Amino acid sequence: MLHSMSTTVEPSSERSAAEVNEEIRALWLRSGGTLSVEQREEYQRLVQEWASALPQPARAA
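Using the numbering used here, read the sequence shown as starting at 1 and increasing by one per residue.
Treat the hints loosely; a few may be bogus.
[As the list claims (entries may be wrong)] Label-pair distances were calculated between CB atoms; the ranges are:
#, residue 1, residue 2, range
1, ARG59, SER16, 14 to 24 Å
2, ALA51, ALA26, 10 to 20 Å
3, GLU19, PRO57, 13 to 23 Å
Rather than coming from a laboratory, the hints here were simulated on the basis of the structure. Quick caveat, the model's predicted, so the values are computed rather than measured. In this text, a Cβ means the ideal position worked out from N, Cα and C, and glycines have one as well.
Using the sequences and the accompanying hints, generate a full structural model.
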């Protein structure tokens, strides 16, 4: 399912990394491969949300 274009980022606890990745892919498809300044800002927010949603590796004690 593709998410509609959003200017706000939902908290990472609500969306999985896969869901955010899907929105990133949709943004690139909509842009035709060239992001406007506004789209670039949205992309940066989405990448940060995606990174936050990734599972964190267990730390060695």
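Hint check:
1. Checked against the given bound of 14 to 24 Å, the beta carbons of ARG59 and SER16, roughly 22 Å apart, stay inside it.
2. For ALA51 paired with ALA26, a C-beta distance near 18 Å keeps the hint of 10 to 20 Å intact.
3. In this structure the supplied range 13 to 23 Å holds for GLU19 paired with PRO57, their Cβ-Cβ distance being about 21 Å.
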